[in-house]
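2 protein chains.
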Amino acid sequence: MAAKSSKDIRNESRFMVLRTVFAQHTVTRAQISAETALSPATVTTLVGELVEEGVLREAGQVSSQGGRPTTLFQANPGRGALLAVDVAETYVRVDLFDVSLARLDQERMELAPGAQTIETVAEHIRGCVETLLHRHPELEGDVLGAGISLPGQVDPVRGVDVFAPNWDWHEVPLCAALEEAVPVPVRVDNPLMALATGELWFGAGRRFRQFVSVNLGTGVGAGIIVDGQLLRGRGNSAGEWGHTTLIWNGRTCSCGRSGCVEAYVGVEGIRATLAEIAPEHELLEVPHHRDFIERLMRAEVAGDAAAQRALLRTGDYLAAGIGNLVNLLNPEHVSVLGWITRYAGAELHDRVRERIAQECLPGPSSTLSIEFTEADGEGVSLGMAVLALEAFLERVGLPSPSSALTPAPPASGGGSAPGWAVPHGGLAARRR
Amino acid sequence: MAAKSSKDIRNESRFMVLRTVFAQHTVTRAQISAETALSPATVTTLVGELVEEGVLREAGQVSSQGGRPTTLFQANPGRGALLAVDVAETYVRVDLFDVSLARLDQERMELAPGAQTIETVAEHIRGCVETLLHRHPELEGDVLGAGISLPGQVDPVRGVDVFAPNWDWHEVPLCAALEEAVPVPVRVDNPLMALATGELWFGAGRRFRQFVSVNLGTGVGAGIIVDGQLLRGRGNSAGEWGHTTLIWNGRTCSCGRSGCVEAYVGVEGIRATLAEIAPEHELLEVPHHRDFIERLMRAEVAGDAAAQRALLRTGDYLAAGIGNLVNLLNPEHVSVLGWITRYAGAELHDRVRERIAQECLPGPSSTLSIEFTEADGEGVSLGMAVLALEAFLERVGLPSPSSALTPAPPASGGGSAPGWAVPHGGLAARRR
Chain A
1 MAAKSSKDIR NESRFMVLRT VFAQHTVTRA QISAETALSP ATVTTLVGEL
51 VEEGVLREAG QVSSQGGRPT TLFQANPGRG ALLAVDVAET YVRVDLFDVS
101 LARLDQERME LAPGAQTIET VAEHIRGCVE TLLHRHPELE GDVLGAGISL
151 PGQVDPVRGV DVFAPNWDWH EVPLCAALEE AVPVPVRVDN PLMALATGEL
201 WFGAGRRFRQ FVSVNLGTGV GAGIIVDGQL LRGRGNSAGE WGHTTLIWNG
251 RTCSCGRSGC VEAYVGVEGI RATLAEIAPE HELLEVPHHR DFIERLMRAE
301 VAGDAAAQRA LLRTGDYLAA GIGNLVNLLN PEHVSVLGWI TRYAGAELHD
351 RVRERIAQEC LPGPSSTLSI EFTEADGEGV SLGMAVLALE AFLERVGLPS
401 PSSALTPAPP ASGGGSAPGW AVPHGGLAAR RR
Chain B
1 MAAKSSKDIR NESRFMVLRT VFAQHTVTRA QISAETALSP ATVTTLVGEL
51 VEEGVLREAG QVSSQGGRPT TLFQANPGRG ALLAVDVAET YVRVDLFDVS
101 LARLDQERME LAPGAQTIET VAEHIRGCVE TLLHRHPELE GDVLGAGISL
151 PGQVDPVRGV DVFAPNWDWH EVPLCAALEE AVPVPVRVDN PLMALATGEL
201 WFGAGRRFRQ FVSVNLGTGV GAGIIVDGQL LRGRGNSAGE WGHTTLIWNG
251 RTCSCGRSGC VEAYVGVEGI RATLAEIAPE HELLEVPHHR DFIERLMRAE
301 VAGDAAAQRA LLRTGDYLAA GIGNLVNLLN PEHVSVLGWI TRYAGAELHD
351 RVRERIAQEC LPGPSSTLSI EFTEADGEGV SLGMAVLALE AFLERVGLPS
401 PSSALTPAPP ASGGGSAPGW AVPHGGLAAR RR
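In order, the protein sequences belong to chains A and B. For the record, in the first sequence the residue sitting at position 368 is 368 according to the numbering used here, with numbers rising by one throughout. For the record, in the second sequence the residue sitting at position 47 is 47 according to the numbering used here, with numbers rising by one throughout.
Hints were generated in silico from the structure; no laboratory data involved. Among these hints, one or two may not hold up.
Pairwise CB distance ranges, derived in the manner of DEER restraints [said to hold, decoys possible]: (1) A:67 - B:397: 40 to 50 Å; (2) A:34 - B:113: 50 to 60 Å; (3) B:7 - A:67: 26 to 36 Å; (4) B:170 - A:288: 18 to 28 Å; (5) A:276 - B:303: 39 to 49 Å; (6) A:26 - B:51: 45 to 55 Å; (7) A:115 - B:282: 29 to 39 Å; (8) B:44 - A:25: 25 to 35 Å; (9) A:25 - B:68: 45 to 55 Å; (10) A:127 - B:30: 32 to 42 Å; (11) A:175 - B:7: 31 to 41 Å; (12) B:279 - A:284: 35 to 45 Å; (13) A:396 - B:44: 33 to 43 Å.
Cβ atoms here follow ideal geometry from the backbone N, Cα and C, with glycine treated the same way.
Model the full structure from these sequences, guided by the hints.
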């Protein structure tokens, strides 16, 4: 039940300084102070430490208001490189970033459909990394770390994948396998946390301290930002909005529950909606998720009534799901991201805009903004590069966490149902 | 986008010190330090300030481990009294507490059924307060503040009730009306925040930093605790779990949406479930909520099959609703509170226990504990006494907030639908 320490505060302040520099590219200490509300003395100290470590560098001078020249600072791309790995269900992609978070290069390999072992995944990552480093001999010895996003419920502290239903992974030890494949320290996480971290550093996080980033993809989920920090929950699985109820006892979801948001708003959910409207629709046979969504949008534009109805209905489901987040969390803002927005963002945006006021209580709705961002599909790797940078900074003694990682305890027993514990002797013992 | 300051930290630390003293009644500084992980020097300073203000007092000495005597501290009941007001839909109740949060006395008046004006409510409160103060002439001049809980979406910063659907209140100015009725500074809030504050000070808050307190009553809702602080959201309406979806397009809810959790788990929801099972059931005619629940439980025990099915189904709905909270927030713990637990707690507990593992993802479920607490119906007034104490401490310069209150901005325009704002020129402008 420990209180926050002044060290925690200092780390949070360092995060705000770094985020300001990265988002604005070139800034003076006075601008950082104005943006973060940190005192000039604090900013001077924090910038000084980061310059000393080589993460920031001086970038010339400008005249200040009083006419005296003042120093500009920027991230230092020469400090080294970061690997960002996005392991999806059908591909492995590795991006190379410099420390200023500029993307230098990219390599990608397809994964065969079906279940994967961690060894296969690690082998694919190794292949991409070797190709990239071969193309960039100048970086030898200068790769500072790797951030690897894997599907499922990833525990970054223990370095395991707790649960990845589509691959039947349970408690798979990731870091052990991956650190053989990648010659640098590895930080693992899941795509939801990666996307939300990117949004916190480069998107809505610059304007809001309480917001939700909704990810629309094959699966769907949310990143919850409270008081400027990403909420991870007890075991890094906060944000599983895709596995909250939209229709109790409704469609079977991949997680084993019924009626989850993902079963209506995820790609297979959209397909199921189309099948309910037009059981014989030709697009139902398109196996690949992006192809399916892209062709559904083309059909919608071409006047296909079933495609139009399926999209409207998806917008209705999405509005209800977002309304749930708004009513429960009363955020300042909702960002809608994820690859589906590249194809269907405008249509879903319009429908959600029509419906959202009816789905929210008047109080939370009156102060809310919602923004759809057409994703470029690179949000996960950007977020993993940020997390790899955070891990590197922590190793050199300059933590700047966008979220607090707490070690999860071992699974607790104490009851007949998994996960049920009644600490003080059960119900009757706590009559007050 | 301001960072936390060392003053914020000091206030949070003061909260932890106070909570430890109130929960343990009589403690040494060393015990406070052990419980809070604050340094002995910090504890000495914070306790010293609170003693100087008269909120804490010395309470004798004990021998420490080294044999030297060490001072015990406790809350100082002589410092003054607090009024805690619970305005429900059918009654107004005022409790008198001393500063050690011991309940001294209580007065209650019924409210006539139907819509109320703020003037009627204020008149009832005035009546109860005058009776209480007449019975306690020794407290003249010593009442430090009042905490008043009102139904609906209360904004404590502006002192208004944003939305109370059952009374058709919109933007009702509470503090202005209530400060005439009560001769001391007034702090307003809603019952959900009051109950969660009580749980944070005296219940699960002592053991967990990430938890949810679920309130089962006429209406239902949740208090969300993140990092040891109550989440209030942008406009103090976080936690409206009762107005998240259980069945999309399902039963009409009092809030105007369809299929909300409250429409299945709140009292009228339970009644609707019974009506679906047995449309002619005699209990459907019992108007008063507590009578209805009490008689439903008696019928269940007596073997009434419809009552039994209605309770089982309510347990299923409750398990799904709690599963949603667990999957979205991945808390360490869920406390189930509220007056319904006094009557139906054991039965709902058993059914939730049977069902919860199926409603939660494996990760969050493996580290979760759930506890039902049979409520004594006094949780709201206890929580409001705590909030009145917090407000008093803030006025004397010793803030100890269990949550951060941020002023809500005025309702924003900027779009055709209420509450829709697209800050940067809309969708296309943010392609990244």
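- Message: Tell me if the beta carbons of residue 115 of chain A and residue 282 of chain B are separated by a distance inside 29 to 39 Å.
- Response: About 56 Å separates the Cβ atoms of residue 115 of chain A and residue 282 of chain B, which means 29 to 39 Å is violated.
- Query: Can the suggested window of 45 to 55 Å be confirmed for the beta-carbon pair residue 26 of chain A and residue 51 of chain B?
  - Reply: Given about 52 Å between the Cβ atoms, the range holds.
- Message: Given the hint of 18 to 28 Å, is the C-beta distance from residue 170 of chain B to residue 288 of chain A inside that range or not?
- Response: violated (50 Å)
- Task: Could you check the hint for me, namely that residue 7 of chain B and residue 67 of chain A are 26 to 36 Å apart, CB to CB?
- Result: holds (34 Å)
- Honestly, do residue 175 of chain A and residue 7 of chain B meet the 31 to 41 Å range at C-beta? holds (39 Å)
- Message: Just to be sure I understand the hint, the distance between the Cβ atoms of residue 396 of chain A and residue 44 of chain B should be within 33 to 43 Å; is that true here?
- Response: Holds, since residue 396 of chain A and residue 44 of chain B (Cβ atoms, about 35 Å apart) stay within the stated range.
- Query: Has the hinted range 50 to 60 Å been met by the Cβ atoms of residue 34 of chain A and residue 113 of chain B?
  - Reply: Holds, at about 56 Å.
- Could you check the hint for me, namely that residue 279 of chain B and residue 284 of chain A are 35 to 45 Å apart, CB to CB? Once the Cβ atoms are compared, 40 Å apart, the range 35 to 45 Å for residue 284 of chain A and residue 279 of chain B holds.
- Query: Does the Cβ pair residue 25 of chain A, residue 68 of chain B satisfy 45 to 55 Å?
  - Reply: violated (60 Å)
- 32 to 42 Å as the expected CB spacing between residue 30 of chain B and residue 127 of chain A, which holds or is violated: violated (58 Å)
- Message: Tell me if the beta carbons of residue 67 of chain A and residue 397 of chain B are separated by a distance inside 40 to 50 Å.
- Response: holds (41 Å)
- If you check the beta carbons of residue 44 of chain B and residue 25 of chain A, does the distance land in 25 to 35 Å? violated (47 Å)
Hints 4, 7, 8, 9 and 10 from the list above are not met by this structure, while the remaining hints are.
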